[in-house]
Amino acid sequence: MNLNLLHISVFANFLAFVVIVFLPKTWVKRSVTVAVSFAGIGALASTILLFRQFSAPAPIEWVIPWLKWNSAQVNVGYYLDTLALVMLTSVCVISFLIQLYSVWYMNEDPAKKRFFGTITFFTWAMISFVVSVNLFASYLFWELIGLASYLLIGFWHEKASARAAAIKAFVMTRFGDLGFMAAVILLIIQVHNTDISFLITQAGSQLGQTQLLIIVGLIFLGVMGKSAQFPLYTWLPDAMEGPTPVSALIHSATMVAAGVFLLVRLFPLIELSSAGMHYICFIGGLSSLLTAILALLERDMKRILAYSTCSQLGFMVMAVGAGTWSGGMFHLLTHAFFKSMLFLLSGYFIFASHHSNDIFDMAKVPLKDKSKLMLALLWIGALALAGLFPLSGFMSKENIFGYLLEHHHYGIYSVALTISFLTAYYTSRMAFVVSRDGHHQMEHHTISKGLNIALRVPVTVLGLVTVAGVWVFFPWLKEFFQLHLELNREFWLNFGITTTVVLTGIGIAYLYFGRKTFSEKGWVGFVPGLDFLIAKKFYLDIFWNAVMQKGVYGLAKAGFWSEAHIVNAAVNNVGYACVRGGKAVTKLQAGEVQRYIVIAVLVIVAVVLYLTFRG
Amino acid sequence: MPLSIGDLIFVCFVGITFAGAIMAVSLKNIFHNALSLALTLLGTAGIFVFLHCEFLGLMQILIYAGAISIAIIFAVMLSPPLSLKPKKRSVTKVLVSLSVSTLTFVTLAYIFIRTPWPISANADAGDFSATHIGEILISRYAFAFELISIVLLVAILGALVIAHEEPGDRRLDPEISLEDERWAS
Amino acid sequence: MWFYAIETILTVAAIFFFASSLRRDLNVEALEKFASVCGAVVLASAVLSFGFRGIFFAGTYEMDAFSQFVKLILALGYFIALLISRNIHDIEGKYRPEYFLFLTTATLGMTVLVSAKDLITLYTGLELSSYSLYLLIPMRKHDNASIEAAIKYLIIGIASTGVMIYGFSLLFGLTQTTYLNEIAAKLPGLIHLHVFWVAFFLSVVAFLFKLSLFPLHAWAPDVYEGGNAQTVGFISTVSKVAGLAVFIRFVMMAGHDNRVLEGVWISLAIASMTLGNLSALIQGDMKRLLAYSSIAQAGYLLVGVLCLNDKGLSAAMFYAAVYVVMNFAAFFVVTQISEGGKNVSISQFRGLSSRSPLLALVLMLALFSLAGVPPLAGFTGKWFLFTAAVSSGFKVVAMIAIINSVISLYYYLVIIKEAYTSPDQGAYIQPLVLSPVSRLFCFAVILVLAVAGFFPGILMPLAAKSVSMFFG
Amino acid sequence: MIYNQLTPYLLVSAVLFCAGLYGIIERRSLIGILIAAELILNAANINFLAFGRFMDVDKAIGQIYAIFVIGLAAAEVAVGLSIVIMIHRKFKSINVEKLVKLKG
Amino acid sequence: MKFPILTTILLAPITAMILIMLVKETQTKLIKTLALVGSGISFVLSAYLVCTFDFQHPSFQWTEQFFTVPGWGIQFLLAVDGLSIPLLLLTSIIMVSGVLVTQRLTFRVKEYFALLLFLVSGAYGVLLSMDMFFFFLFYEVAVIPMFLLVNVWGSGNKVYAANKLTLYLLAGSALVLFGFFILYFKSGLYSFDLKALLDGNIHFDAGTQKWLFILFLIGFGTLAATWPFHSWSPDGYASAPTAASMLHAAVLKTLGAYGILRVAIPLFPEGAKYWQPLMLALGTINILYAAFCVIAQKDLKYIVGYSCVSHMGVVMLGIGTLTQTGFNGAMFQMFSHGIMVALLFACVGYVYDTKHTRNIEELGGLFKEMPRLSIFFILAGLTALGLPGLSGFVAEFLVIYSTYTVSPIYGTLALAGLVLSAIYILRVVKRAFWGVPAGVVSVGKGHGHDQGPILAGEDLNWSMSIPNYLLFSFLLVLGIYPKLFTDFVMQTTALLLKGF
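If you read the protein sequences in the order shown, they are chains Y, W, F, A and E. If you count the first sequence from 1, position 202 lands on 202 in my numbering, and the numbers rise without skipping. If you count the second sequence from 1, position 86 lands on 1086 in my numbering, and the numbers rise without skipping. If you count the third sequence from 1, position 387 lands on 2387 in my numbering, and the numbers rise without skipping. If you count the fourth sequence from 1, position 48 lands on 3048 in my numbering, and the numbers rise without skipping. If you count the fifth sequence from 1, position 241 lands on 4241 in my numbering, and the numbers rise without skipping.
Some clues are possibly wrong.
As the list claims (entries may be wrong) - Listed next, the in silico DSSO-like pairs over lysine-lysine satisfying Cα-Cα at most 27 Å (straight line): (1) Lys112/Y - Lys29/Y; (2) Lys583/Y - Lys1028/W; (3) Lys583/Y - Lys364/Y; (4) Lys1028/W - Lys3101/A; (5) Lys4273/E - Lys4498/E; (6) Lys4210/E - Lys2395/F; (7) Lys2465/F - Lys4498/E; (8) Lys68/Y - Lys112/Y; (9) Lys2186/F - Lys3101/A; (10) Lys3092/A - Lys583/Y; (11) Lys4186/E - Lys112/Y; (12) Lys2395/F - Lys2033/F.
Claimed, not checked - Residues of chain E placed beyond 10 Å of chain Y at every Cβ, according to the derived structure: (13) Lys4029; (14) Gln4103; (15) Thr4208; (16) Asp4235; (17) Leu4415; (18) Arg4427; (19) Ser4473.
Claimed, not checked - If we take Cβ atoms under 10 Å as the criterion, some of the chain W residues that face chain F in the derived model are: (20) Leu1003; (21) Leu1160; (22) Ile1162.
Worth flagging that the hints you see were computed from the coordinates, not collected in a lab. Values in this document were obtained by computation on a predicted structure and should not be read as measured data. From the three backbone atoms N, C-alpha and C, an ideal C-beta is built for every residue, glycine too.
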């Protein structure tokens, strides 16, 4: 029964994809219905599965052999323990909600069919990645996730920026993916088995410390790509070129979540390499900090959210690197819900401000033209992101802080605090600005009733989860994630510190943006050089552009040149040499018969001399 | 080594032959060349006699010195402006030809002198007579003898066909003159 | 008397042509038809007398397996030559009997050449064929090139024959006989003498000339360009095969375990192949190109001969046999394309496939076969040649030959490209109508080239049998 | 007794041979070339007869060789001359150096 | 006597060719039907062979022998094993789709199909022949028709391309030819029987092995477009008509690699070991160099051509590992790459015939204009960049995996090739397929005669996309369930290593 439910949750989206592919071109509406209803079935099945399977003693395993060669075998199938289960459910549910939302958002897009086809495919790939039995199979779906995100980011391919962003996303993540692939290959070579259950239990003991470090490093390279870690995060802000639901999906439960999930999934293996852990922690913290800084001056709402995603992902990675898989994972879960909600809301506000992403344009829209519900949810989401009690974000962050304190990682703790402060500042900056009452008169958009549901239901559900979800499921979560939320002295100390930091952040944001007059840059303008660095995006985009332009395209041009001037020239010259030889030889054939005879006689005499004087 | 009379005569014939040969290839006038060739052939006939081949010597004079030379002279006569206006020799060509033929001669002479020829002890004992030649010719070499008649037939007929003057040939069409580059189509 | 089938029939044919040359009211068409029939009869007699063996005229003339096989090839070439000698535009009708006569006597001379076991007979046969060919070239009317070609041919010919007869005289001095068998018998006492090898080499110079091998190749391009296509086709195939046959006889007379001249043959083969192929690369006239190609082909043949074993010789004979067909086929296409018997430049092949697909196909197959492209006879022949060369230890020669055949492919490809490229837009395409006999000939060529290429098992045993007599 | 030795004859023939060779490659006149070719054949003839005399061989054979050479030389000259005459008729010249249209 | 199925596979296209030559030029329908029937028969029979093939049995099956040349060790011997049978299927698939793709041809139809059938019969012959004479015979038969196909039906700089392609390949094959003669001689068998040679446990001494191996490597490698002997391939394909490019890129290149696996590896194990570093290096250079070259290209056909070269590098790398997995991967790549590149060429050919340009800077928005075609192109492109779920990934994984077992450095470099392939494929998709349709279509001067005029912007219709579906289905099926394929070659590739 549980296996069947699992089948349903995994293949519901896939089925939708297949059906949509084979639907005739003109059946656009029906394809939307198919997608949403199948996703709904999947979400339902996974939720039921969550309740039935959560406390089950043994994971579901279901295996079919896929590829075999002399030294190893690769299987595909399910390995569903609680970790995967939780992830599965959240992916299914969030994806369903986002698809529902897309019914509104994509209503007028002619290419809806393609959109829903791809998004169901995307969801399926992510789900399959999550439940995959084998690391190799995980890799397969990992790549498919990349493909789907590529197709979705480039969905509006008429825009040059969308095309560029899609390629950037795919190539940069692929760069990381190859690390993953190399890791898989090395694992196969070293331990001949890449089953997840094997890797997290026995593989570590069969590997030396160096091998382990290499493998962990390579896996983390994949994570850096997918989860947008320094220095590969630059694709993520650009990925905002896709439709907003896509951003919501990519930034919450799929794509970027895959990286962190992979880290958590393999945590027992990764944990064994302390150097690897340090490295992961460092990279996570660095990315988190840098992207948080980048968000400080951003005006594009979606990009702010994107940077915040990077930052939060870095935060999770840092937590995992610091040694708490549960901290990372739990934050991933809570973050998935409120971040997807924020993105969906951004879709609404962009719509409300006549398709401008700029928060200061949104500020110009009169308050009465903004839905109160949406504003409320925006604040909920923003504060959850900032980590304010009692929202889900608070809980998951507090968990991490608690762990850090408990294990005396004070350095990391302080970095985390800084990030927390920055997060609180820029999220509330965004919320303050968006919820301003503007005076620009704009004609009011009306949203038809059916669509209204599609718009409101998903965000409301996500909002509810953000507010109440963790509290409802608290006992389960606490048990499973071993949350560091004992109400002891340290907890209160921690609570005090973090709340102070968050409130300070919000307060500063209020000072600059909450009142009647506001400055665009806020306090950042006072820090010398910071705005410059932000404007240059820490030179990272420039660096990667240079790698692309100077490196790859430079080499391409070099290849082109050598092709023309070395390889082809060599071949052509052989031909020319033959022709030249022909011309030279025919000089002997000058038409004078006596010359012919002289040549012949000379050769004959030479032969005669040879015959006379040989040996 | 003292020279006998025979030697002297032999040397005379050789001298005639050489002189004729050299004149035949070096004089500029074709007519003189042809005459020199006849001289050479005469000299050669004399040498043949020294080789006990009187019959061949006769044949040489009859066929060669007679028929061939006359045929050549005939050709010379037939073609009025045939005698080229003596042009200057190309020095390069003479040098090249001279060195090539000298090289050849040196090579041949070296070989001939170095070779231990299997000379028979009683060299002059055999039957050199024309009768014997005739016997062998129509027995052993009968087939070749028959064949040579076909060769001669072909040669004569061919000469007739090729040298036959077409009515229109005299009028030389300037388009197909030697200077025209196009006739090689 | 029918032992001499081919020779007799050729002589009778010669007499007939001679008689018809005396007639004033000549029906050229009837004569051409008769000539074709005559060729067929000669071919048939060659087939019938294939198995005949015998020694005649006091040992000067012998029909053995080798000579009969070669005569079969010669008769085939003769037949093809007469078959394609219809509607010759560049030889006047009134000279047609002489044309056929000289072709016939040339063939007769060659049959004598391959059967002669005596140097005098051989010399006579050689001269008979040579003179006939010298006379054929200038018969092309109104074309000064043909006369120039003829005199060049003649001069080089008589020079090489002179060298040969000088060599014969030395051979005579050393062996005191004119019989090939007796010369062979006396060899053991002579092979240590340098002068013997000199004499031997000088003796084969005229055959190198017939084969158009380096260094006596130089007449070929000029003669091919100057002569009319049928004659030149005949010279490049039949005459070459005869030269090859007598060359093989000479070389085998010196013994198959004797490697004194090996280095010479190798050098000549390599020089011929390379020179021929490189020169052909830059040619514009089709016949001239074929001349250079035939020089190269002679080089390939020599590769087979220099192995001096049954493999090499049978490969050479196989190749010679298919060479006759493919080279004649190429010349046949030239005769069909040429306008009024004029020379054909390569650009004139353009659009041939639209004018006559069959002819284009024949051209392509013939040229590919010459280039050694499978599955055609030329490929199989080369395969045998190179197999023989490698297994006799001549790896470098084989490699050079293979490289050469790649180079040669270029100029064949250029022609084929022209033939198959569509004519320029707006260009008037004159369809080429082939006579039924020509069509039949085309089909026969295609069949032969394909079958001999793919089923070498048919022809190869014959070739192998013909040379096996050299190896006891 | 020079004339009773083989080598002098051979040397004479070599001289004739080389003179002929020289003529063939040097002469401008086509008839000159034909004449030179005759010298080569004569050189061979001297050889045949000399070998015929000095070697242990049927004395007729060398002579028969020579007879054939003479006979064929006659045919050769006939053929050659006919072509030369034709050349003269067409080109008004028998200079071999002018016959260089066929080349390349 | 059992039905001579292999001979029938070989004879079907030849018979069709002869029949076509006898048909009148104007009966194009009949000609096309004949071509389809001829290639269809081979397809059905090879599919039948695949189904009935006993893949547990490593050595030759279905042996057929007909005639011999006494004294020369030549015989007409046909047989298949695990190496040849997948490629046989590949050939027939490509041929059928090639014929289907060319249904609109109106220019010199008769000759076109005759040549195409001739070419494919050569390919069959190479795969089936177990005698070096016939192997080589068919090898060149497969190479030669391309010359006319490019010259007559090609486009662009076709004369140069045709000459280069033909001469280059024949120069390469000259080495092979030479090698065969040496084998004939050195093996001591004095026979061209390849089967006997392979079964005979003949050991060549180390020195011989070394130079013979490199001879065959370069000889066959030229056909497999090994760097630096690859330059015929992009030029040739850019100029060739669609079906010819398909067949050539898919089948003929594969034959080069097949030759190495068939002849060089099992006969010269020590030579292979000696030259292994070279093979690895060449394979890697092939992958990277060609990938960089693609990035700089603008012509769609050049792009596909160079990517084809890059992918053949994977094959070479797989062979160079000298491991069973590597061989499996190489075989897998041959098959998958063949199908993929055929699909790519089919799409590009259609684009060119429709838009009369192949310059990606002049194209754009094809996805809007012809979505079905674009999807096929993109899917094939995704196979090219090694996307899991499509067959290209499995092949590249197997090869890279085995490369890692031999040399992690080359493995890593090969991995980098995957990034590059992503860059170039996506670049094409971005420039040519995405975006808004380019307004002005410039009609190129030397456009080919491959197909009749098509209205600008018309998408593939159902019947035209049948070959695309056919090809893609193989990419998908093998990508999803690769065991189907690897089971076939497993036993035979193990046998290849018996001398190691």
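Hint check:
{"no.": "1", "hint": "Lys112/Y - Lys29/Y", "verdict": "holds (8 Å)"}
{"no.": "2", "hint": "Lys583/Y - Lys1028/W", "verdict": "violated (36 Å)"}
{"no.": "3", "hint": "Lys583/Y - Lys364/Y", "verdict": "violated (82 Å)"}
{"no.": "4", "hint": "Lys1028/W - Lys3101/A", "verdict": "holds (25 Å)"}
{"no.": "5", "hint": "Lys4273/E - Lys4498/E", "verdict": "holds (13 Å)"}
{"no.": "6", "hint": "Lys4210/E - Lys2395/F", "verdict": "holds (17 Å)"}
{"no.": "7", "hint": "Lys2465/F - Lys4498/E", "verdict": "violated (42 Å)"}
{"no.": "8", "hint": "Lys68/Y - Lys112/Y", "verdict": "violated (40 Å)"}
{"no.": "9", "hint": "Lys2186/F - Lys3101/A", "verdict": "violated (48 Å)"}
{"no.": "10", "hint": "Lys3092/A - Lys583/Y", "verdict": "violated (32 Å)"}
{"no.": "11", "hint": "Lys4186/E - Lys112/Y", "verdict": "violated (68 Å)"}
{"no.": "12", "hint": "Lys2395/F - Lys2033/F", "verdict": "violated (49 Å)"}
{"no.": "13", "hint": "Lys4029", "verdict": "holds (31 Å)"}
{"no.": "14", "hint": "Gln4103", "verdict": "holds (24 Å)"}
{"no.": "15", "hint": "Thr4208", "verdict": "holds (28 Å)"}
{"no.": "16", "hint": "Asp4235", "verdict": "violated (8 Å)"}
{"no.": "17", "hint": "Leu4415", "verdict": "violated (4 Å)"}
{"no.": "18", "hint": "Arg4427", "verdict": "violated (7 Å)"}
{"no.": "19", "hint": "Ser4473", "verdict": "holds (14 Å)"}
{"no.": "20", "hint": "Leu1003", "verdict": "violated (26 Å)"}
{"no.": "21", "hint": "Leu1160", "verdict": "holds (9 Å)"}
{"no.": "22", "hint": "Ile1162", "verdict": "holds (6 Å)"}
Hints 2, 3, 7, 8, 9, 10, 11, 12, 16, 17, 18, 20 from the list above are not met by this structure, while the remaining hints are.
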